[in-house]
Amino acid sequence: MATPLLEIKDLQTTFYTEHGSVKASNHVNVTVNKGEIVCLVGESGCGKSVTAMSIMKLIEAPGVIEGGQILFQDQDILTLGNKALRNLRGNDIAMIFQEPMSALNPVYTIGDQMMEPLLQHTKLSKNEAYDKCIELMEKVGLSRTKQLMKSYPHELSGGMLQRIMIAIALSCDPKLIIADEPTTALDVTIQAQILEILKEINKELQTSILFITHDLGVVAEMADRVVVMYAGKVVEEGTVLEIFKEPKHPYTKGLLHAKPVINKFQERLYTIPGQVPDLSTLGDHCFFQDRCEYRMDICGQSMPALTSESTTHCVACWLYKEAPRKEGLKI
Amino acid sequence: MTESIIEVNGLKKYFPIKSGVFGQKKQYVKAVDGVDFIIKPGEVFGLVGESGSGKSTVGHTILRLHEKTEGTVKFMGEDIFGVDKQKLRQIRPKMQLVFQDPYSSLNPRMRIGDAIGEALMDHGLADKGDIRDIVSETLEKCGLSHHYIDRYPHEFSGGQRQRIVIARAMALNPTFIVADEPVAALDVSIQAQIINLFKDLQEQNGLSYLFISHDLSIVEHLCTKVGIMYLGNLVEVADRTELFTNPLHPYTKALLSAVPIPDPTIKKERIILRGEIPSSVHPPSGCKFRTRCPFATERCAQEVPALRDVGAGHQVACHYV
Chain G
1 MATPLLEIKD LQTTFYTEHG SVKASNHVNV TVNKGEIVCL VGESGCGKSV
51 TAMSIMKLIE APGVIEGGQI LFQDQDILTL GNKALRNLRG NDIAMIFQEP
101 MSALNPVYTI GDQMMEPLLQ HTKLSKNEAY DKCIELMEKV GLSRTKQLMK
151 SYPHELSGGM LQRIMIAIAL SCDPKLIIAD EPTTALDVTI QAQILEILKE
201 INKELQTSIL FITHDLGVVA EMADRVVVMY AGKVVEEGTV LEIFKEPKHP
251 YTKGLLHAKP VINKFQERLY TIPGQVPDLS TLGDHCFFQD RCEYRMDICG
301 QSMPALTSES TTHCVACWLY KEAPRKEGLK I
Chain E
1 MTESIIEVNG LKKYFPIKSG VFGQKKQYVK AVDGVDFIIK PGEVFGLVGE
51 SGSGKSTVGH TILRLHEKTE GTVKFMGEDI FGVDKQKLRQ IRPKMQLVFQ
101 DPYSSLNPRM RIGDAIGEAL MDHGLADKGD IRDIVSETLE KCGLSHHYID
151 RYPHEFSGGQ RQRIVIARAM ALNPTFIVAD EPVAALDVSI QAQIINLFKD
201 LQEQNGLSYL FISHDLSIVE HLCTKVGIMY LGNLVEVADR TELFTNPLHP
251 YTKALLSAVP IPDPTIKKER IILRGEIPSS VHPPSGCKFR TRCPFATERC
301 AQEVPALRDV GAGHQVACHY V
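Chains as they are written, first to last, in this note's numbering: chain G, 1 to 331; chain E, 1 to 321.
Chain G extracted, bound-state conformation:
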């Protein structure tokens, strides 16, 4: 039986802006088990990054984490003080960001930045930390490591910097890596290399990964389980096979349809009509209803809750609640 490493329970993160309050994470529940890769999928503005940032308690004003729990090894991160948080960040939980160019400090050498978490979190001496850095760099497939330690971020390409970021994330043997769109800024050939490294790490070290992406191709490649988000809510959750082979939610189906797939030529691409709604003006109804082709009256009246279709598959859609009841009526 899988043991949960991270449990996000009923997380509510709200941003209070001039245009009203935006519920970026709206009662979100996500669990990441030990040794598992969970992909959080959704389009821009669906709250996937905010959810990830909330885990590390990195939400800044005007954002507020208003409720919920984030249990990491049964300890609620949201109740921790600054000191305890510092011990956690970069140590037990590490993060890889989308833009490797802006995630590293341009005025410090790669070596300085790689050694920092080691000197902070472990009892290694400077020399030992240096050796460990060289070892980590080799692990992520970098060569000329001694020279790289002395160089500055601007001297390296995006792919190399992302490898450095992964090496830094790995340095304290984290139990969980949160990777927020780590390959979005990279070319496909480099993306393939980076994904390979992340998969290897997961297999070898049993590190759990919460992988945030909008690219369904990457999801199919990486994920054990998938969580689909839309407008701040989880709309569907399941194993990678369930999501790709038996998607339930109309949004998930639409996303899978709309993505052009190589070597499967279609005359016209399927499109989801309309666009993502403004999160500050949403009422109490299904957020996808105005774009949904299966819309029913109830969709405009109240919000469907996430209900289980099987032990691993959940969906938040009235279609799957209505159906059994209708059949019941016929009898």
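FYI, nobody ran anything at the bench for these hints, they're computed from the structure.
You may find that some hints are simply not true.
Unchecked claim - Straight-line C-alpha distance at most 35 Å; calculated DSBU-like pairs for lysine-lysine:
hint, chain 1, residue 1, chain 2, residue 2
1, E, 25, G, 264
2, G, 199, G, 83
3, G, 321, G, 245
4, G, 146, E, 25
5, E, 199, G, 264
6, E, 12, E, 253
7, G, 9, G, 57
8, E, 268, G, 34
9, G, 34, G, 57
10, E, 94, G, 264
11, G, 264, G, 9
12, G, 150, G, 175
13, E, 268, G, 264
14, G, 259, E, 94
15, G, 23, G, 34
16, G, 264, E, 253
17, E, 268, G, 253
Stated by the list, open to error - Covered by chain E, according to a simulated footprint, are these stretches of chain G (three or more residues, beta-carbon under 8 Å):
hint, segment
18, 73-84
19, 106-116
20, 265-276
Beta carbons: idealized from backbone N, C-alpha and C, even for Gly.
Starting from the known structure of chain G, fit chain E onto it as the hints suggest.
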């Protein structure tokens, strides 16, 4: 009657950079290093490559937004670099450009109706009184309500802005559009809408596109012909179906295998390339791809492979195909 819309011959574009203590040593970024291709009427030519392969520079240079270093570009038989300013101004409305980032390609202080109508007025292509009607019509054609005509860019989402930028290009009734990564900044659901719009406009107006993209799956859906670029050179050119079913160049094969497929049951054999794209200031000798090619030999380091026809218009630049 000319047979091609665009004819590019031996096009080179080098950008000078300075190095050394007083900037006395001049070096060049060889962004485009000898490219030939033809775009026929009604053809959608997809130009694919990684960042730094020079695909955008090709797009900009054939519109004469950059001066060339060497080579010729003919637009409907007319040498773009040979004509004088006045003539160039006459040609310009016929060739339009759509950029990647719909946020920075619209002036935030200009109503979208003015932005779309500006070029019409400037080129004297329509009477002042008619412009509003033409703009409204173009907006509708691009899937936007004509009520939007007096709004400002910030009132629109990314996908809508991209429609505005496309409308701006379409208003001039062009024959040729260069689209430089027009959907790279958009979400999947919006991406599909814009790709379909490109396709509709192309079919309705018989347009030709040069469609620049790094995403092979999009290129497959939109383009009729595809060129693969690597470090300033075309390494393979073929019709869509031919290129995707029978890729010959090792780089094309690697690119195709690197595209993740949204189907967890398909485990494909992946060719993972070593290293990264080399610097275009000091490109490798011989075949530029040899530093990452799994099949490279001595010969590749010495001889530059020429782009040659291997049958049915399928062109490849590799010694071993």
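task = Take the C-alpha atoms of residue 268 of chain E and residue 253 of chain G, compute the straight-line distance between them, and say whether it is at most 35 Å.
result = holds (23 Å)
task = Starting from residue 268 of chain E, check that the Cα of residue 264 of chain G is at most 35 Å away, please.
result = At roughly 15 Å apart (the allowed maximum being 35 Å), residue 264 of chain G and residue 268 of chain E satisfy the hint.
inquiry  = Using C-beta distances, would you say chain E covers the segment 265-276 of chain G, given that this needs three or more residues below 8 Å?
reply    = holds (count 9)
ask   = Is the Cα-Cα distance between residue 9 of chain G and residue 57 of chain G 35 Å or less?
value = holds (14 Å)
query = Given the hint that residue 264 of chain G pairs with residue 9 of chain G, does the C-alpha gap stay at or below 35 Å?
reply = Violated, at roughly 40 Å.
query = Going straight from one Cα to the other, do residue 321 of chain G and residue 245 of chain G come out at no more than 35 Å?
reply = Answer holds: residue 321 of chain G to residue 245 of chain G is near 20 Å, not above 35 Å.
message = Using C-beta distances, would you say chain E covers the segment 73-84 of chain G, given that this needs three or more residues below 8 Å?
response = violated (count 0)
ask   = Are the Cα atoms of residue 23 of chain G and residue 34 of chain G separated by 35 Å or less?
value = holds (29 Å)
request  = Would you check the hint for residue 146 of chain G and residue 25 of chain E, treating anything up to 35 Å between C-alpha atoms as holding?
outcome  = Measuring from Cα to Cα gives roughly 29 Å; hence the hint holds.
message = So if I understand the rule, the pair passes when the alpha-carbon distance is 35 Å or less; does residue 12 of chain E with residue 253 of chain E pass?
response = holds (26 Å)
inquiry  = Check the hint pairing residue 199 of chain E with residue 264 of chain G against an upper bound of 35 Å on the C-alpha distance.
reply    = holds (17 Å)
task = Decide if the proposed pair is consistent with the structure: residue 264 of chain G and residue 253 of chain E, CA atoms, cutoff 35 Å inclusive.
result = Since the Cα atoms of residue 264 of chain G and residue 253 of chain E sit roughly 17 Å apart, the hinted pair holds (cutoff 35 Å).
Consistency note: the structure conflicts with the earlier hints numbered 1, 11, 18 and 19.
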